[in-house]
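Undergrad: So the chains spell out like this:
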Amino acid sequence: MAPPAQSQRSPSPSQPSGKGEVSDLKSQLRQLAGSRAPGVDDSKRDLFKKVISYMTVGIDVSSVFGEMVMCSATSDIVLKKMCYLYVGNYAKVNPDLALLTINFLQRDCKDEDPMIRGLALRSLCSLRVANLVEYLVGPLGSSLKDSNSYVRMVAVIGVLKLYHISAATCIDADFPAMLKHLLLNDPDTQVIANCLATLQEIWTLEASISEEASREREALISKPIIYYFLNRMKEFSEWAQSLVLELVAKYVPSDSNEIFDIMNLLEDRLQHANGAVVLATIKLFLQLTLSMTDVHQQVYERIKAPLLTLVSSGSPEQSFAVLSHLHLLVMRAPILFSSDYKHFYCQYNEPFYVKKLKLEMLTAVANESNTYEIVTELCEYAANVDIPMARESIRAVGKIALQQYDVNAIVDRLLQFLEMEKDYVTAETLVLVKDLLRKYPQWSQDCIAVVGNISSNNVQEPKAKAALIWMLGEYSQDMHDAPYILESLIENWEDEHSSEVRLHLLTAVMKCFFKRPPETQKALGDALAAGLADFHQDVHDRALLYYRLLQYNVTVAERVVNPPKQAVSVFADTQSSEIKDRIFDEFNSLSVVYQKPSYMFTDKEHRGPFEFSDELGNLSIGVDAADTVVPAQQVDANDKDLLLSTSEKEDGRALSSNGTAYSAPLYDAPASVPASQIQSDLVNLTSGLPGHMPAASLAIDDLLGLGLSVTAAPAPAPSPPSLSLNPKAVLDPGTFQQKWRQLPISLTQEFSVSPQGIAALISPQALLRHMQGDSVHCIASGGQSPNFKFFFFAQKAEESSNFLVECIINTSTAKAHVKIKADDQSMSQTFSTLFQSALSKFGVQ
Amino acid sequence: MLQCIFLLSDSGEVMLEKQLTGHRVDRSICAWYWDHAISQGDQLQPVIASPTHYLFQIVREGITFLACSQVEMPPLMGIEFLCRVADVLADYLGGLNEDQIKDNFVIVYELLDEMIDNGFPLTTEPNILREMIAAPNIVSKMLSVVTGNSSNVNETLPAATALCVPWRTSDPKYANNEVYVDLVEEMDAIINRDGTLVKCEIYGEVQVNSHLSGLPDLTLSFANPSILDDVRFHPCVRYRPWESHQILSFVPPDGQFRLMSYRVKKLKSIPLYLKPQLTSDAGTCRLSLLVGMRNDPGKTIDSIDVQFQLPPCISNADLSSNCGTVNILSNKTCSWIIGRIPKDKAPSLSGTLVLESGLQRLHVFPTFQLRFRIMGIALSGLQIDKLDLKNLPHRPYKGFRALTRAGHYEVRA
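In order, the protein sequence lines correspond to chains A and B.
When the count follows full-length UniProt numbering, it moves up by one through the first sequence with no breaks and lands on 845 for the last residue.
When the count follows full-length UniProt numbering, it moves up by one through the second sequence with no breaks and lands on 413 for the last residue.
Rather than coming from a laboratory, the hints here were simulated on the basis of the structure.
Each hint should be verified, as a subset may be incorrect.
[To be verified] Calculated cross-link-like contacts (lysine-lysine; reagent style DSS-like; alpha-carbon spacing at most 27 Å):
no. : chain 1 : residue 1 : chain 2 : residue 2
1   : A       : K356      : B       : K332
2   : A       : K356      : B       : K266
3   : B       : K275      : A       : K342
4   : A       : K234      : B       : K390
[What the hints assert, rightly or not] To spell it out: a stretch of chain A is covered by chain B in this simulated footprint if at least three of its residues, at any positions, have a beta carbon under 8 Å from a beta carbon of chain B; those stretches are:
no. : segment
5   : 151-161
6   : 275-282
7   : 743-756
8   : 770-778
[What the hints assert, rightly or not] Cβ-to-Cβ under 8 Å is the rule here; a few derived chain A residues that face chain B:
no. : residue
9   : L85
10  : N349
11  : Y353
12  : A383
13  : Q537
14  : D541
15  : S598
Predicted model only: the values in this text are computed from it and were never measured.
Note that the Cβ used here is the ideal one computed from N, Cα and C, for glycine as well.
With these hints in hand, go ahead and build the complete structure from the sequences.
TA: Here's what the structure looks like:
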């Protein structure tokens, strides 16, 4: 008579067993089915355990389904549980047999023990067999009104399960309304939390087809409901708290007093033992204060300590998730963390992915006051046993050097690395010295002296070798034996496997030739010959180009190959600020861990519950919502704030610089350059070069993205090339979606819509018909007053070059916020003008 | 939300599978995960994107807890939940290992059933779970033999869910009322080769073991709460008294729990020093280590040991010490177990390392990790002032202990 837990060890489930044993089980079960003998429950229990253990290791025991059901008539709750587990697992593949179980499950749903009622209901809902839903409605309905909260809790989740099996049945039975009633009236907080989770999911999925559902979904984030949750916050379980905090983060308080009230109420959540609650609270605080620069900064100060404690308290896995979030915040506002740099020091036995995050944070927070200590610390890592770590730390030192103005000490350190005589250290350092010289040419003397001593034989990694060769070419006049080193490298042309190195070798020997012709002539000849015979297309082409250039005119060749260079002021960032903002909007989600916004790694169908399901572009709602909801506050933003997202900051600057109300550019140009100059630069670039300056190509992309404010353009724009659109353009939604994801935003604008237009915009359809008249077609639209959202596309008349537009119209502010993407970037400005004029005519005639 | 939870053994075998939603997750994901885990080695991240699912994984005692999701969700929710599952299972089964789980898989299923439904975590509070599902301990085994009642499921549902103190068992009764408060601290420090302290921080926990009848109300105060840098509380702690007077006021859960965790930073004194010396010349390197007391904490320091990784360029090592034992493992990890510092001599380790041929001098240096334990003192200096108990029929027994051990305590060479 032992409980199952420690009964005589059944044969280890890991031993695979054949069909024989299953049929053996079957006959044994059959014998027991009708028996009422005392002790029969124990034998049943052993058999059930065997069946379940087979199931667990993956042996198919569905053939005993009938017998299991027959044996299920018992009062023993453990037996019942095992039976439920079994049935839940196999019902889906045996829908006919599942019918057998309905009877006993329904009976159990009326048992006097609430635990059995709950368990039976849970199993009943977990069968997930579509043709059995009719049997679900009755028990669910009565269980929702059960006197025991455990049963109600199970029933609420049961409704969600039912919805996923058959949405129509669930809606027809009016379950959402019952849940809403429970949500607002149930005494048990776990029931309420389950109601919330269920309703969110159901209404989000329903919102696309039913107006009522989307209204209900909106109502969840209305003031009374939010306050109802906030007031009961402490009664919720920790998991339910995270759920509620997520919901509150979507609520937009009406004024700053309300924001402070909410934050005061929730401040103690920052000290909760559960990391999920703490992070959800932090997210809420950050979202609430996004438009209040000073407070936002205070929030950073406030959340610093809890985050740092979370990092040091939990398991390594928890630490990592928290560190990813900390990383995001540090990258956003490094200055605020600059005094906490010691927290980012790496411990020896931390996993590499943690160290890497910490190194990036150390790099970001380095400033005048702490650089010395940080670099000293990084140098410790460079000498460490851990080679990948040593490499990363050297890169970090280099990055710090590139972002600082006072680099004396760092250059010395880097040069010391070169003297360590470890090949990987030398390799990494060479690459860095090259970048450093591009930014600070004034250091060339010191660096060259050390680099000159490195034997090229000790450098094997292609990147490092390329860097060394670049320096040899660039500074050949200062390095005494540069031509001879190059010559020996060219002799070994055949052994050089990396095409990158060979390309650099060609360029370097050219540069060297211009400076020291007599010594290099032979090497140049050899290099060109070897290059022309090279099997790699790029190398061959470059050699041919150089050859022809030299043949044509040596001075011209020099102007092309070795023009006077300007020091690089800023190296392009790998992630655009737009993407960083978007990740920030998705704080406390997987996006932060992957360092990618969710649209880059999740399929649409699996997106979180609060996504607009009618939306095509998959672009973050957070940004749009913030833009449309708080335009007034954005104006307050000024240049000094470092916390606001870049786009908002630029908005502020543009407003103050040209004093007009309409402008929404997004550019990443150095702040010191006057805006008008950039704009005229842009004009040159767009009309002339399509962008062919290797180092600055990224910057140019962003420059192209600079929106010239049409209504108030100060720069003399060249007369735009005329553009006619194809009135019968077609584009299927799939292609649109794909293009929308691929193309960069070429223009972001905001303009006002005439009052007549707003008046005419009672429904989205009115605007669609109007725009069609101007050959701009709509592919999707949606939204509720005051925010309407449209996706348009248009095609050029002659060729199949597409323009894609996302347009959000806020009827209360009479503003249209437009994002344009185009196959042909140079035409997007023209198209924008056309689009705007079409929009402005809406409702006028 | 989570769609499925798998428990894998240390050989990658699926021990248990719990589907949580209608979207069945195929077992093949485990095979994918296992291959991935092997290829990544110790670089495996806790959150992984597989071709079909996002995986959360934690490893406890060789057992991998793997959860799958296809939707965006707070990552900490997944990880934190798995950690709780591991804690609860270890608590129920008296430790985690493959046999325990295989023997008790029915209980594991039962537990998971109550802890999460349809992917939403419900309750992870051990006290509530204990009331729903009895643990398979000796007592219940005996009881079931005697009474003939063999169910491990309690007859009644926990009343606690309806109370406003969900963490507490409804009405426990003890003959001996007792409560123990432990301060457990871990010291993290980085010390440079010249002995300068780069960073020194303490992470501490106040652990309470409470066996009190009824609904007691406890107040714990510290003599010097101002040294605490940041604190986190068990849900039972009331926030206001802490806010105004730095007093911990709470109704405790029954049994062992973590009342509070805290951090104290910028500490100046460390209990032990380690002086490494490495001099290399002509292909060999002399290594000598000295360990001694830096600041006497006033209590014995025991379980001292030193671990370090020899650089890969060392082909041979010959090390000996004047006390304790020295072991060099095949992966070039060296451990020197000292125990206590003897009264008459300072522990030292010395020896020669032979470098690989062709190398003259050593360029990479090991980091030494020191471990120790000090009973009877909290090195942060935190002191418990008093513990008051209200709502108790009898005078309970109160016990206090403190313990400090080394966390990441490392010395660079």
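Undergrad: Out of the numbered hints, which ones does the structure contradict?
TA: 7, 8, 13 and 14
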